[in-house]
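Student: Keeping their order, the protein sequence lines are chains A and B.
Just so we're aligned: the first sequence equals residues 597 to 776 in my numbering.
Just so we're aligned: the second sequence equals residues 123 to 279 in my numbering.
Think of the hints as simulated: they come from the structure by calculation, not from any bench.
Incorrect hints may appear among the rest.
[Unchecked claim] Which chain B residues face chain A? A few, computed with CB under 7 Å, are given here:
| # | residue |
| --- | --- |
| 1 | E160 |
| 2 | E170 |
| 3 | I173 |
| 4 | Q180 |
[As the list claims (entries may be wrong)] Derived pair list, reagent style DSSO-like, types lysine-lysine, alpha-carbon separation capped at 30 Å:
| # | chain 1 | residue 1 | chain 2 | residue 2 |
| --- | --- | --- | --- | --- |
| 5 | B | K158 | A | K729 |
| 6 | A | K718 | B | K175 |
| 7 | A | K743 | B | K175 |
| 8 | A | K611 | A | K665 |
| 9 | B | K158 | A | K770 |
| 10 | A | K685 | B | K178 |
| 11 | B | K175 | A | K622 |
| 12 | B | K175 | A | K683 |
| 13 | A | K665 | B | K181 |
| 14 | B | K158 | A | K699 |
Note that beta-carbon positions come from the ideal geometry of N, C-alpha and C, so glycine has one too.
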Amino acid sequence: MEEQTLLINALQNPKTQEIGFKTLIKEYQQPLYWHIRKIVLDHEDADDVLQNTYIKIFKNIKNFRGDSKLYSWMYRIATNESLTFIKQKSKKLGLSTNEYTEKQVNKLEADVYFEGDQIARKLQLAIAKLPEKQRLVFNLRYFDELKYDEISEILETSIGSLKASYHHAVKKIKNEIEKQ
Amino acid sequence: MKLKNNKHGFKVPENYFDEQNKLMGDLESISKVHFKLEVPMGYFERSEHQIEKLIKDQKPKSKLITLLPYYSSIAACFLIVLALSQFKEEIDDPAYAKIYFEEQEIPFTTNELFDLTQNQDLEINSIAFENLNNETIFELQEAYNPDFNLIYENYED
Numbered sequence: 597m598e599e600q601t602l603l604i605n606a607l608q609n610p611k612t613q614e615i616g617f618k619t620l621i622k623e624y625q626q627p628l629y630w631h632i633r634k635i636v637l638d639h640e641d642a643d644d645v646l647q648n649t650y651i652k653i654f655k656n657i658k659n660f661r662g663d664s665k666l667y668s669w670m671y672r673i674a675t676n677e678s679l680t681f682i683k684q685k686s687k688k689l690g691l692s693t694n695e696y697t698e699k700q701v702n703k704l705e706a707d708v709y710f711e712g713d714q715i716a717r718k719l720q721l722a723i724a725k726l727p728e729k730q731r732l733v734f735n736l737r738y739f740d741e742l743k744y745d746e747i748s749e750i751l752e753t754s755i756g757s758l759k760a761s762y763h764h765a766v767k768k769i770k771n772e773i774e775k776q
Numbered sequence: 123m124k125l126k127n128n129k130h131g132f133k134v135p136e137n138y139f140d141e142q143n144k145l146m147g148d149l150e151s152i153s154k155v156h157f158k159l160e161v162p163m164g165y166f167e168r169s170e171h172q173i174e175k176l177i178k179d180q181k182p183k184s185k186l187i188t189l190l191p192y193y194s195s196i197a198a199c200f201l202i203v204l205a206l207s208q209f210k211e212e213i214d215d216p217a218y219a220k221i222y223f224e225e226q227e228i229p230f231t232t233n234e235l236f237d238l239t240q241n242q243d244l245e246i247n248s249i250a251f252e253n254l255n256n257e258t259i260f261e262l263q264e265a266y267n268p269d270f271n272l273i274y275e276n277y278e279d
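Bound conformation, chain A alone (with noise of 0.2 Å):
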């Protein structure tokens, strides 16, 4: 049996679903956090994202039916978790989503657990300047480097418009670039 089936079926057994799911954090943990921070970007706020990923995926790990894969099915879920935690926060701060992630890149100088000089900086302000979905789709094709139909499993969008919303991004980031 492939080992996602048998993961799956671990995690929707009561009897085995704990081991499942320690399973499911060792090897997924960490992809998933860099996918959170990349959109957060603050620590803080990327570890309480990550934590009410997983309570999603645990709450819903029986209506999980194989459609998709299984990593994809998650990172979809850490993608609507880290993307309702900005509408929430900006929310909060009447801010639009695009204010509150430039305010977080601003923020990064200052940030402890961001190494980077200012040319690294002026590409999370560019990147930050996205409009949502070419913001998602630039940080899991260039940084993450999956592929366009992995990516299109997890935002649910045709590989034709993925690419698209990538050709857009790059040519955006670069004008803010050059622009900066």
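Guided by the hints, dock chain B onto chain A, whose structure is given.
Tutor: Leaving out everything else, chain B in the frame of chain A:
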């Protein structure tokens, strides 16, 4: 702007693909050389245990009625017993009882638990108690109504 032909009849601006490749090259050099996100030392180990604990806390606590951990118990069984007698018809429905106990989150003292287990009118067959120490469990066993089934989960050794 001068456009370049291709075989499909569609056109792109001159040097379009060269610019794209150059742009990608520029972006690659930015991230590979200068960009690094870090986490506090030992974060992933700590986080792993924290998430496991969180998941454990999310698990359903019993089949029928879940009581809050014993140590958080403060009076209220009395209210529940009162409620049971006042709303017997509703309590007869196990789904209602479950919602009542879980959503009201009413904790119990030991005496109130005894009262509850002694209540002959109570038509609930089982209650699961979590996180009780051995002493409390023995006390409850001594006191419980033989028709009443106590289920113990995760109690302290």
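Student: Quick check: which numbered hints come out false for this structure?
Tutor: 6 and 7
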